[in-house]
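A.B. asks: Each chain, written out:
Protein chains: 2
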Amino acid sequence: MEKIDSHAIFVEPFHVDFTGRIFMGVLGNHLLNAAGNHSQRRGWGIGALNETSHTWVLSRLSIEMTRMPRQFQHCTVRTWVESVMRLFTNRNFAILDSDGQPMGYARSVWAMIDLGTRLPCDLLSLYDGDILNYVVDQEDNVCPIEGHGRFRFRDARLVRTIDTYYSDVDINGHINSIKYIEHILDLFGKENFEHGIRRFEIAYKAESHMGDRLSFFVQDNADAGGTDVEIRKNVTDANPGDVVCQARVIFNK
Amino acid sequence: MEKIDSHAIFVEPFHVDFTGRIFMGVLGNHLLNAAGNHSQRRGWGIGALNETSHTWVLSRLSIEMTRMPRQFQHCTVRTWVESVMRLFTNRNFAILDSDGQPMGYARSVWAMIDLGTRLPCDLLSLYDGDILNYVVDQEDNVCPIEGHGRFRFRDARLVRTIDTYYSDVDINGHINSIKYIEHILDLFGKENFEHGIRRFEIAYKAESHMGDRLSFFVQDNADAGGTDVEIRKNVTDANPGDVVCQARVIFNK
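Here the protein sequences come in this chain order: P and L.
By the working numbering, the letter at position 80 of the first sequence is numbered 91, and the numbering carries on one by one without gaps.
By the working numbering, the letter at position 92 of the second sequence is numbered 103, and the numbering carries on one by one without gaps.
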């Protein structure tokens with residue numbers, strides 16, 4: 012089997028923002044679907060894993076676009092495994108237009124956990140290390156965007172607190188990875204989106220559940236030319252809460 | 012050309028709720044896509060209409076399911092025009108499983124408006140009444156669910172007020188039809204969804220825009236065995252606000 016998969020996407024009318032560009036959350040969802048299919052076809056998708064009581068957990072996702080897909084556009088997501096370590100694997104993506112020209116790229120980091128213990132598993136031994144057979148050759152690992160950044164929150168200010176509801180929750184009962192992206196982008200005023208988002212990064216740190224209150228802390232990041240956002244759950248006057256995820260948003264100027 | 016179209020859908024992992032059933036909003040989106048494709052293929056889709064500065068506006072949508080599509084399921088949406096009046100057309104849907112067995116049905120009502128005046132157009136004369144060529148024969152109009160109900164709000168109580176943000180807004184700058192469905196279902200506690208939703212109805216009454224505050228008023232409907240919800244925008248102590256939409260939710264017990 013090939014090491015790289017192609018996954019067709021079509022940009023539906025309700026999946027674009029007021030500028031006609033695909034929502035970053037919807038694009039993220041397409042990437043996760045492409046990743047899921049790629050794993051599934053090779054025998055270590057979620058279906059196979061659940062039988063052995065393991066599952067993939069997304070740890071990092073960084074998407075950088077020179078052009079965002081627009082309403083009614085047909086695009087392709089290519090995805091492959093860049094590298095595998097004991098506890099993490101790096102998976103990359105290219106988003107191509109219908110002429111095969113790159114519109115952007117993405118990087119992601121995944122761990123595998125044991126559903127019983129919730130502890131990470133050794134990827135190098137799982138299925139006799141079968142995943143190593145799919146690590147791409149170096150020359151095929153074309154993903155010319157920066158790696159995942161580091162977050163340092165020093166003087167972040169609380170800008171919003173929201174309750175979580177039915178529509179936020181996935182089949183595992185957790186707030187779903189895509190909904191965090193929506194809630195983060197909802198912190199920004201309309202004018203920011205006029206020229207689109209250049210880069211979006213997110214680090215998933217802990218799970219949250221329906222009913223958890225999420226507090227959003229925001230800090231300018233002059234070096235990156237963007238804004239860093241930290242989400243904490245169940246913050247009170249007495250308790251700083253637990254960090255759920257951290258994100259960086261860089262708009263086109 | 013056939014009068015009835017079939018539109019394939021696949022239930023993606025992030026499109027199901029904590030019970031594994033497709034979100035009603037996502038199902039609604041699939042129906043609207045099927046409707047859009049059906050119109051588009053016959054020359055009176057949004058693309059064609061924008062050239063003549065008209066667009067379709069969804070007025071009513073009622074979905075009734077005996078089984079909800081579940082994660083990873085392949086289904087088909089069939090859609091057709093039931094009837095055409097001067098200012099409205101009725102479009103119906105059947106949702107079938109991969110064996111072609113019905114899982115549920117839906118009814119919808121659409122108007123066409125002139126984008127300049129925002130006034131409704133005469134469907135019987137538009138494109139020389141071409142839409143009349145696609146009204147199905149009576150024996151093919153199989154949609155065994157009740158018609159759209161009536162709403163009477165008497166003692167509705169305010170249960171939530173939300174602000175609207177970037178992710179709520181569609182390419183026209185309006186709060187999108189699907190997002191209302193999400194926000195309405197988010198009013199209900201988790202336990203309601205254990206056995207799924209039997210019927211969901213919505214009547215779109217007025218547009219709202221990013222930044223509008225939406226207030227949700229709720230009233231039990233004993234006759235229907237469900238709950239009626241009215242959304243009003245920009246309610247203040249002095250102003251009851253404008254009705255944006257009205258909905259009815261009936262859960263399986």
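Worth flagging that the hints you see were computed from the coordinates, not collected in a lab.
Don't take every hint at face value.
[To be verified] Over the 10 Å line for every Cβ pair with chain L, so calculated as not near, a few chain P residues:
#1 36
#2 179
#3 187
#4 199
#5 251
[To be verified] Heads up, simulated DSSO-like pairs for lysine-lysine below, C-alpha to C-alpha not over 27 Å straight-line:
#6 244/L - 264/L
#7 244/P - 216/L
#8 201/L - 264/L
#9 201/P - 244/L
#10 264/P - 201/P
#11 201/P - 244/P
#12 190/P - 201/P
#13 190/L - 244/P
#14 201/L - 190/L
#15 190/L - 264/L
#16 190/P - 14/L
#17 244/P - 264/P
#18 201/P - 201/L
#19 264/L - 201/P
#20 201/P - 190/L
#21 244/P - 190/P
#22 216/P - 244/P
#23 244/L - 201/L
#24 190/P - 244/L
#25 216/L - 216/P
Don't be surprised by glycine CBs; every beta carbon is placed ideally from N, CA and C.
A.B. asks: For each hint, tell me whether it holds in the structure or not.
C.D. replies: Against the structure, the hints come out as follows:
| no. | hint | result |
| --- | --- | --- |
| 1 | 36 | 7 Å, violated |
| 2 | 179 | 8 Å, violated |
| 3 | 187 | 6 Å, violated |
| 4 | 199 | 6 Å, violated |
| 5 | 251 | 25 Å, holds |
| 6 | 244/L - 264/L | 32 Å, violated |
| 7 | 244/P - 216/L | 36 Å, violated |
| 8 | 201/L - 264/L | 13 Å, holds |
| 9 | 201/P - 244/L | 19 Å, holds |
| 10 | 264/P - 201/P | 13 Å, holds |
| 11 | 201/P - 244/P | 26 Å, holds |
| 12 | 190/P - 201/P | 19 Å, holds |
| 13 | 190/L - 244/P | 24 Å, holds |
| 14 | 201/L - 190/L | 19 Å, holds |
| 15 | 190/L - 264/L | 25 Å, holds |
| 16 | 190/P - 14/L | 38 Å, violated |
| 17 | 244/P - 264/P | 32 Å, violated |
| 18 | 201/P - 201/L | 32 Å, violated |
| 19 | 264/L - 201/P | 42 Å, violated |
| 20 | 201/P - 190/L | 17 Å, holds |
| 21 | 244/P - 190/P | 15 Å, holds |
| 22 | 216/P - 244/P | 11 Å, holds |
| 23 | 244/L - 201/L | 26 Å, holds |
| 24 | 190/P - 244/L | 24 Å, holds |
| 25 | 216/L - 216/P | 42 Å, violated |
The structure is inconsistent with the numbered hints 1, 2, 3, 4, 6, 7, 16, 17, 18, 19 and 25, although it conforms to all the rest.
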